[in-house]
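**Student:** Model the full structure from these sequences, guided by the hints.
The numbers in the numbering used here rise by one with no breaks, and the one at position 168 of the sequence shown is 169.
Please note: incorrect hints may appear among the correct ones.
Derived DSSO-like pairs (lysine-lysine); straight-line CA-CA distance at most 30 Å [said to hold, decoys possible]:
no. : residue 1 : residue 2
1   : 155       : 204
2   : 204       : 44
3   : 3         : 155
4   : 105       : 155
5   : 186       : 44
6   : 204       : 186
7   : 213       : 44
8   : 204       : 49
9   : 105       : 3
10  : 204       : 215
11  : 186       : 49
12  : 44        : 215
Calculated directly from the structure, the hints in this document are not laboratory data.
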Amino acid sequence: TKHRGRPDRYELVCGLFAHELGHVLYTDFLAAQSYNLFHGAGKWFPEKPLLRNRDERMNETDIWDFCNSDEINRSAYLSLTTQIWNILEDGFIESRMLYRFPGKLGGCLEAARAAHFEEMETLTQMLDMEEEGTHIWQSIMQLMLCYVKWGEMKYGDEPLSDERIQTVFSLLGDLDRAITDSSAKERWDVVNTIIVRCWNYIKEFLELCVEKHKQQQASGGSGTVDDTISAALSSLSG
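**Tutor:** Put into structure tokens, the structure is as follows:
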């Protein structure tokens, strides 16, 4: 409704169609099933992530302890890994669509992308949202989404020294690998890398979501922890 004319609205709808067509053409959905099956067997998919130091080795141990301690924890973890994978997958399939279909489909996809980028909050705005109750991990995910889809981040008035920006900067090589490699396994490998390196943020976010889910269950709610995480991340633009 922000776009008044029919031609502009047509472009946006066609752009959304182009995005979903990109998933049909290029997304390997079976790889996502393999990730969940491997994780249920206590294994990494496609392989164990590279652990660079003691902190990351400790994070890996804590990840498995967290998942094995409670089935709700495991469900929450797998839900979040799917959300991270979807961010990477969106960046990959849109870049492929723009390259393969430079005509009407690509042009409409560009229009939809421009509208999404315009609507996306700056980091300064996200910090204001954190003061109102969102978690720092949500801001980091928003910055990752911004980078993999548009190749830049909306800093707002924040300095490059901000820990959210620096966290994404530390992952740029892996994010680039995720959106340029045609192998779905590479994107899942990057998901594992992100989880291990950002586990302190992620664990705290997951614990908050699990606690909120349990409170909702105690109050007679019928949703799953996946619903709780999806709702928490529904504010992600684009």
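**Student:** If a hint holds in the structure, say so; if it doesn't, say that too.
**Tutor:** Structure-based check of each hint:
The hinted pair formed by residue 155 and residue 204 meets the criterion: a straight-line CA distance of about 26 Å does not exceed 30 Å. Taken as a hint, the residue 204 and residue 44 pair is honoured in the structure, with Cα atoms around 19 Å apart against an allowance of 30 Å. Restraint check: the Cα-Cα separation between residue 3 and residue 155 comes to about 21 Å, which is no more than 30 Å; the hinted pair holds. Between the alpha carbons of residue 105 and residue 155 the distance comes to roughly 28 Å, so the proposed pair stays at or under 30 Å and holds.
Restraint check for residue 186 and residue 44: satisfied, since their Cα atoms lie roughly 14 Å apart, inside the 30 Å limit. Note on residue 204 and residue 186: the hinted pairing holds, with a Cα-Cα distance of about 24 Å set against a maximum of 30 Å. Distance hint between residue 213 and residue 44 is fulfilled; the C-alpha atoms sit about 28 Å from each other, no more than 30 Å. As the CA atoms of residue 204 and residue 49 are separated by approximately 19 Å, the hinted pair is consistent with the 30 Å bound.
Annotation: proposed proximity of residue 105 to residue 3 holds, straight-line Cα distance about 22 Å (limit 30 Å). Restraint check for residue 204 and residue 215: the C-alpha separation of about 16 Å stays at or below 30 Å, so the hint holds. Pair hint residue 186 plus residue 49 holds up; C-alpha atoms about 12 Å apart against a cutoff of 30 Å. Using a Cα cut-off of 30 Å, the hinted pair residue 44 and residue 215 holds, with the two alpha carbons roughly 27 Å apart.
Checked against the numbered hints above, the structure violates none of them.
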